[in-house]
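There are 2 protein chains.
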Amino acid sequence: MGILKGMRVVEGSAFVAVPLAGLTLAQMGAEVIRFDRIGGGLDAGRWPLAPSGRSLFWAGLNKGKKSVAVDMKTNEGRELITRIITAPGEDAGLFITNLRVRGWMDHVTLSQHRSDLIQVTLMGDRHGNPQVDYTVNPALGIPDMTGPEGHEAPVAHALPAWDVAAGGHVVNALLAAERHRLRHGVGQDVELSLKDIAAATIGHLGLIGEAALSGKARTKSGNALFGAYGQDFLCSDGRRVMVIGLTDRQWKNLVKATDSADLMTRLAADTGQDLRDEGVRFELRARITATLAPWFAQRPLSEVSRALEATGVTWAPFRTVPQALAEDPDLSEDNPLFTDMIQPGLGRFPVPGAPVTFSEFSRETPTAAPELGAHTEEVLSTVAGLCDTEIQQLFDKGIVENSRRVTRSAA
Amino acid sequence: MGILKGMRVVEGSAFVAVPLAGLTLAQMGAEVIRFDRIGGGLDAGRWPLAPSGRSLFWAGLNKGKKSVAVDMKTNEGRELITRIITAPGEDAGLFITNLRVRGWMDHVTLSQHRSDLIQVTLMGDRHGNPQVDYTVNPALGIPDMTGPEGHEAPVAHALPAWDVAAGGHVVNALLAAERHRLRHGVGQDVELSLKDIAAATIGHLGLIGEAALSGKARTKSGNALFGAYGQDFLCSDGRRVMVIGLTDRQWKNLVKATDSADLMTRLAADTGQDLRDEGVRFELRARITATLAPWFAQRPLSEVSRALEATGVTWAPFRTVPQALAEDPDLSEDNPLFTDMIQPGLGRFPVPGAPVTFSEFSRETPTAAPELGAHTEEVLSTVAGLCDTEIQQLFDKGIVENSRRVTRSAA
Chain A
1 MGILKGMRVV EGSAFVAVPL AGLTLAQMGA EVIRFDRIGG GLDAGRWPLA
51 PSGRSLFWAG LNKGKKSVAV DMKTNEGREL ITRIITAPGE DAGLFITNLR
101 VRGWMDHVTL SQHRSDLIQV TLMGDRHGNP QVDYTVNPAL GIPDMTGPEG
151 HEAPVAHALP AWDVAAGGHV VNALLAAERH RLRHGVGQDV ELSLKDIAAA
201 TIGHLGLIGE AALSGKARTK SGNALFGAYG QDFLCSDGRR VMVIGLTDRQ
251 WKNLVKATDS ADLMTRLAAD TGQDLRDEGV RFELRARITA TLAPWFAQRP
301 LSEVSRALEA TGVTWAPFRT VPQALAEDPD LSEDNPLFTD MIQPGLGRFP
351 VPGAPVTFSE FSRETPTAAP ELGAHTEEVL STVAGLCDTE IQQLFDKGIV
401 ENSRRVTRSA A
Chain Z
1 MGILKGMRVV EGSAFVAVPL AGLTLAQMGA EVIRFDRIGG GLDAGRWPLA
51 PSGRSLFWAG LNKGKKSVAV DMKTNEGREL ITRIITAPGE DAGLFITNLR
101 VRGWMDHVTL SQHRSDLIQV TLMGDRHGNP QVDYTVNPAL GIPDMTGPEG
151 HEAPVAHALP AWDVAAGGHV VNALLAAERH RLRHGVGQDV ELSLKDIAAA
201 TIGHLGLIGE AALSGKARTK SGNALFGAYG QDFLCSDGRR VMVIGLTDRQ
251 WKNLVKATDS ADLMTRLAAD TGQDLRDEGV RFELRARITA TLAPWFAQRP
301 LSEVSRALEA TGVTWAPFRT VPQALAEDPD LSEDNPLFTD MIQPGLGRFP
351 VPGAPVTFSE FSRETPTAAP ELGAHTEEVL STVAGLCDTE IQQLFDKGIV
401 ENSRRVTRSA A
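Protein sequences, first through last, are from chains A and Z. For reference, each letter of the first sequence is one residue, going 1 to 411 in our numbering. For reference, each letter of the second sequence is one residue, going 1 to 411 in our numbering.
One should not assume that every hint holds.
Cut-off 25 Å, straight-line C-alpha distance, at most; resulting in silico cross-link-like pairs (BS3-like, lysine-lysine) [unchecked claim]: (1) A:K397 - A:K5; (2) A:K220 - Z:K397; (3) Z:K5 - Z:K252; (4) A:K252 - Z:K73; (5) Z:K252 - A:K73.
No lab work stands behind these hints, which were simulated from the structure alone.
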């Protein structure tokens, strides 16, 4: 009963960005049909794995989708996928992909079967070459400015941030194109690339202007907040916290919580600088941090937490993911985002639904990911419009397959 | 002439996520009106700054928007903002914000003036507390798994990745709600939080399942690709490259390019492991890297580049941003994404437009960011429907302001 109920999207994908886009659409109520080759796509066994050997990654990114498994090396398999993508329906004819198969899976070919088809294709770079988050990121300079001050080597991010950003753009682009189709009846071919997403974003954030106008690379500043004050501190029990003094109010609250107004007045007098200027706080961050560090070092996390909360400081403790699971109600069923549920073949853990709430719709419980090919028969019947005899023949010939578990040992 | 032409969105925002959402909408052709307090919002002087002292950050995230400056501490100012947000128009009545001002700027109050108002509010966390990328990220465990192997302290990412992700969700949510309004005529109140976006995403990527089922924190693996093979290497001239062996094809191409098939056969025999299994490649990454390192160490980047390109390896050089600007045509006008242009008061540099292309629309040239308040008079007249006398009175009373440059010294 989500906000996109009635919309049907076909997804031909692997890895993060397009599966995440499909997931976002599915968790808003769209019917999302993901097709894969028999035995599973390139990401069928992607780490992390459950103790059972099955991919937690795949299960996480394909929740609530329908799964179809087809041998796309055969003409019959290709025709089936074409029928599924271009099947009739006012809110269908929507295809998202990062497979970029030339020829039969091009927009120009597919739209011969449905002229108002909307196809969104995510490429690695604008030239159509494969690129991944792990290559786009170093090419554009982010790892060079990441990591401890003085650490010489670049440090890559652990989160596939560009993939996540690209997934958002795939959804945006699909919804914008479908809005246009609703009004004007025309489909279109939509293209974007992971590298262009990253390049545009660093431009929007001012990093290209900074490099062009200063000619200099931004230096690493460890865990400091760039351009204002924000820093990590060790507490007396070895726990670490991040505290923020970005806005005037945040800075004042931090000074108040740590009872350091006099120390900051002295620092301002010593340096002749005005700490109300956020840039001055960044430039003087080492001295500010040295001034504040003893306050944190003398208190355990529990006491630091109480003092920061009481004064309204913007802050957070550092945690490992298991610590966050154990400590933070926002990762538990206390948060309506999460449902503690069994993912078949994997185990029980808190599973997130859609992170956006719409006042006209109640929040839906997340649905588990399908077994690979679990909906092959259903989709061939209801979407592709095949009769039982035709479907049986396809199974007999091995052109399609139902429900296969992909485990690491089978990969 | 973008795909969203005719849509009018009002933005009350600061920092990254909502301004980026407004920018995405503006670069798809929507009229986006950003309002700020007189003198500029919390992000008016956000780093990085141009040599002129003006914010490259603000200029980057507010390109092509209209800017209105209003004193929102006065009732008259609040009424003006209310009129602008709830002004008539079939494709208007769309409001995105992260200011979360209770009372007059609530959906329940604003929708008294326009019952089909769609309001998308981004909060820090689901409780309505302020949180920023710099706090959400450590709380959920990403810095703990980032950085060189064996490095004890957590390493924060330099890219505000959760803000960027949240910006995508704000656009998604707005377009989904507007689609629903087009069909059913009803507006709604849409809410999301930065922390929920991050929590949902790490769940979707399998990190919560991994932590729950293994009970263990993922260890840092430096610049290695997690779960398969991918690693950085130093070339003979000191340049560094990232090479990818994630898929079978990528792995085979890498082995071929580095002429290391025999070495890999020997490694497989020595260890009794099958390197065709992506997980095995991750587990044996130290030995694979030691085997491949001499090949890179004996060649300068130019030679490495030729060999990798010839074999179709997925790879990239590490660069600083200035290096990327100098070396990479994807950050220049060779890429239609970029236009080399003067940003008034800042300087000349390549400016990105929209990273998504729609076949029914030609790619638009990006437009510079406005001076703060530059469109106050225009918007009061055309959107709020005030007459010249009323507008003049507002300027006389100081309730609104036109065009102010915010520089660091003025902040």
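These are the hints, each one checked on the structure:
{"no.": "1", "hint": "A:K397 - A:K5", "verdict": "violated (35 Å)"}
{"no.": "2", "hint": "A:K220 - Z:K397", "verdict": "violated (46 Å)"}
{"no.": "3", "hint": "Z:K5 - Z:K252", "verdict": "violated (47 Å)"}
{"no.": "4", "hint": "A:K252 - Z:K73", "verdict": "holds (21 Å)"}
{"no.": "5", "hint": "Z:K252 - A:K73", "verdict": "holds (21 Å)"}
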